[in-house]
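Chemist: Single-letter residue listing:
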Amino acid sequence: MSVMGNSALALSEEQAMLMDVAREFCQSKSPIAEVRTQLETVSGYDISLWDEMVNLGWAGIALPESCGGSGMGVATVVPVVEAMGKAMLGTPLVSSTLAAQLLVRAGAAAQFESVLSEIATGSVGTVALLENADWGDDNIHCTLDADGVLHGSKAFVADAGTAHFFVVLARHGDFPALALVRAEQLTAAAISPNVLIDQTKRSANVDFTGVQVAEGSWLSGEAVAGALRDVRLLGALLVAAEATGSAAACLDTVVDYLKTRKQFGKLIGSYQALKHPAVDILTAVDSARSFVYHAATVTSDDPLSRDAEIACRMAKADATETLLYAGDRAVQFHGGMGFTYECDAQLYIRRAQWTRQQFGDAQHHRKRLASLLLDSQ
Amino acid sequence: MGAAEQELKDFRGQVSAWMKDNKPADPGFLLPQTFMEVGDERQLEFLREWQHKIYSAGYLGMAWPKEYGGGGVAPIYQAIADQEMRRHAVPICFNVIGLGWAGPLINDIGTEEEKARYLKRILSAEDVWCQGFSEPDHGSDLGNAQTKAVRDGDEYVINGQKIWTTMGNFAQYMILLARTNPDTPRKYDGLSFFLAPMDVPGIEARPIRKLTGEYGFTETFFTDARIPADCLMGEEGQGWKIAMQTLQYERGAEAGAAGGQMMVRITIDDMIKQLGDVTRDGEPVLKDPVVRDELVKMIMEEKAVVLGERRAHITALTSDYPGSLPLSQKLRMTEMTRRMRQFAIGLQGAEGALYVGDDQARQGGFWQRAYLNSFSATIGGGTSQVQANIVAEHVLGLPK
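Here the protein sequences come in this chain order: L and F.
Heads up, the final residue of the first sequence is numbered 379 in our numbering, and it's a clean run with no missing numbers.
Heads up, the final residue of the second sequence is numbered 1012 in our numbering, and it's a clean run with no missing numbers.
It is possible that some hints are incorrect.
[Claimed, not checked] Using 27 angstroms as the maximum straight-line C-alpha spacing, the simulated DSSO-like pairs for lysine-lysine come out as follows:
#	chain 1	residue 1	chain 2	residue 2
1	F	K760	F	K678
2	F	K732	F	K665
3	F	K1012	L	K268
4	F	K665	F	K853
5	F	K899	F	K885
6	F	K885	L	K261
7	L	K264	F	K632
8	F	K885	L	K369
9	F	K665	L	K369
10	F	K621	F	K799
11	L	K268	F	K799
12	F	K909	L	K369
13	F	K822	F	K799
14	F	K899	F	K632
15	F	K621	F	K635
16	F	K853	F	K899
17	F	K665	F	K621
To be clear, the hints were calculated from the coordinates, so they are not data collected in a lab.
As the structure is a computational prediction, the values presented were derived from the model and not from experiment.
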């Protein structure tokens, strides 16, 4: 058997059209000046802009039609998220999409139909997975007791401050469980915002202790474990798509500077010491995009296949390293300017640090890829 | 399945069966992995016979016109034949400069007479072709070529020196770029293109010993070498344009090649397979966590290239950096190959220090030799550094 495996890569006409619309939208609505106005706001994004995105149907792209979505699958969210990444547009689209996916993939679309419909119309959902800094730690300490009361805290919950719903991973007896908690069930003190290196992102530690989960608002069992595994992979894919967009924007920023800045009487872009790494960034972006759209091609609404798992892990491992390299070089190549807050390079290098940690870093995924690819030899 | 699809499927089966039946036995000496490694007569004769056999069976030049020795069928047939050659890991079709570059060029812009004279003999390997572009002082700066061709009656007199002539000592013909006018304002306008015979007095091809210890290239000296005037292709002064078109075939940007495998494709699977019994710290080397991480990176690098080939055909996914994937293809492929082979040797433990000729060398020193040879591709046809300049300037729009 070849370690190369499946290398399908396709884009439907629908996806291509959506990609065009999303690029145009994000570019015109979210220029960098606009991004900067959101860096210190509480929500981290412009709520009216989010409403516009919702009106375009983006919050429901991957949701089943029965819940008011368009049933086009996570693969179709990918081009939108890439476009958002390119514009450094922080919105809760990824959080909401993943929260919905977790419920749907756990087979609970009917049970949570009203919540999912709300997500399709713009209510923000998020997943509360982590309890510590280790994406590879599968232990769950947060519990859902026999009376439906939660005990424990979750860490690094994305968009916790603006979320209307939390899909909380907890242990119920010996099984993993998902509990739906509404924001109004939490006291203000329960949410402790993190100060993030990427100022376009928001997350918080959330204490769910004492929350009484409403009747019919939780589920547990094997289906949860499968859905959880898939959503971690889809999270990795969406973050990879966003990182790829950001890396491309970072490359454009670098190239613009290399074409305009003069030193020693020459445009600095004519120096090979800068030119060749710029090409390295380009080829890295090329690879990342290929991995991301390959992964989008092989995912579906069914439980993810081995090929899809490999593809999502490769996409994450590759795209985050790409953005890291691009952001790092962007600062350096801007010289003294690059060391300032005013220079946009900081946005990318900070985004890179956030991105690499989400849903497991490159080493995390390569370690698992090694088992997938080499142990079957 | 439609009738056409069935026909292609049948054809594939037929080629596959032929390759299986006719794949030559191990000749007992190392065969070239690329056309740039044909170092001695023994290898030459073996490969010449093999190419002739494939051609006679009808699996080479399938899309070239029938009247000039081709098969006259759709290119898809050749593509299938090539895939089967690769799949059966048969030896290469070594006459690459004829099959891949000179042939398509003659097919596209040659006169009737040129087509009739050259094409069939390229396919049958009766004529081996070489290329006289690079010069000692102008490796990457082709437009500056200084070898002179001076018209004298119905002949041109050639003086100068070419280098890195693949199979220069075996070839019957050369595609030659020479300067017919030293005084043009633009250096490019003084160049002309010749289909030059190699068997005239005054041409000396001296084999260059490569870093592998083997041969494959020559330095080619022209001292008052007289070639017939009708060897000029097109008109005087069109040399640069024709050379650029030739490079399009060489870089795979322009179709028309006769087919056949140019080089043995060595994949990461081959590399993993060679490790079989190798250990590290007493455990199988594939269990070593550091090796595993590196290996996954290598697999991803190769996969990215494969996926890039797919993505290159999807306009919506390439429109923001048009030309990026095709223009960086050579750079990526060749650098990846070099790194992979270097890595492969590193995995062999102490055996990594052995070389061709040692009985203990893993696969006869295949990986060591392949690594050293990989530089022919990172340097030849424009070094990786020049390739990076091209991508930077043409795709990113950076200044020269």
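Chemist: For every hint, state whether the structure bears it out.
Modeler: Each hint tested on the structure:
1. For the given pair, K760 (chain F) sits about 37 angstroms from K678 (chain F) by alpha-carbon distance, which is inconsistent with the 27 angstroms threshold.
2. Proximity of K732 (chain F) to K665 (chain F) is assessed by CA-CA distance (about 14 angstroms); at most 27 angstroms being required, the pair is judged to hold.
3. A C-alpha spacing of about 10 angstroms is found between K1012 (chain F) and K268 (chain L), which places the hinted pair at or below 27 angstroms, so the restraint holds.
4. Using a Cα cut-off of 27 angstroms, the hinted pair K665 (chain F) and K853 (chain F) is violated, with the two alpha carbons roughly 35 angstroms apart.
5. Simply put, K899 (chain F) and K885 (chain F) have alpha-carbon atoms about 14 angstroms apart, close enough for the 27 angstroms limit, and the pair holds.
6. Proposed proximity of K885 (chain F) and K261 (chain L) is contradicted: the alpha carbons are some 47 angstroms apart, above 27 angstroms.
7. Pair hint K264 (chain L) plus K632 (chain F) does not hold up; C-alpha atoms about 62 angstroms apart against a cutoff of 27 angstroms.
8. Among the hinted pairs, K885 (chain F) with K369 (chain L) is consistent with the structure: their alpha-carbon atoms are about 20 angstroms apart, no more than 27 angstroms.
9. With a CA separation close to 48 angstroms, the supplied pair K665 (chain F) and K369 (chain L) exceeds the 27 angstroms bound.
10. Distance hint between K621 (chain F) and K799 (chain F) is unfulfilled; the C-alpha atoms sit about 51 angstroms from each other, more than 27 angstroms.
11. Pair hint K268 (chain L) plus K799 (chain F) holds up; C-alpha atoms about 25 angstroms apart against a cutoff of 27 angstroms.
12. Distance check on the hinted pair: K909 (chain F) and K369 (chain L) sit about 11 angstroms apart at the alpha-carbon level, within 27 angstroms; holds.
13. A hinted pair counts as satisfied when its Cα atoms are at most 27 angstroms apart, and K822 (chain F) with K799 (chain F) does not qualify at roughly 32 angstroms.
14. For a cut-off of 27 angstroms, the pair hint linking K899 (chain F) to K632 (chain F) is broken: about 35 angstroms separates their Cα positions.
15. Restraint check: the Cα-Cα separation between K621 (chain F) and K635 (chain F) comes to about 21 angstroms, which is no more than 27 angstroms; the hinted pair holds.
16. Between K853 (chain F) and K899 (chain F), the direct Cα distance comes to roughly 54 angstroms. Violation of the 27 angstroms bound is thereby established for this hinted pair.
17. Distance restraint check for K665 (chain F) and K621 (chain F): the Cα-Cα separation of roughly 23 angstroms lies within the 27 angstroms cut-off, and the hinted pair is therefore satisfied.
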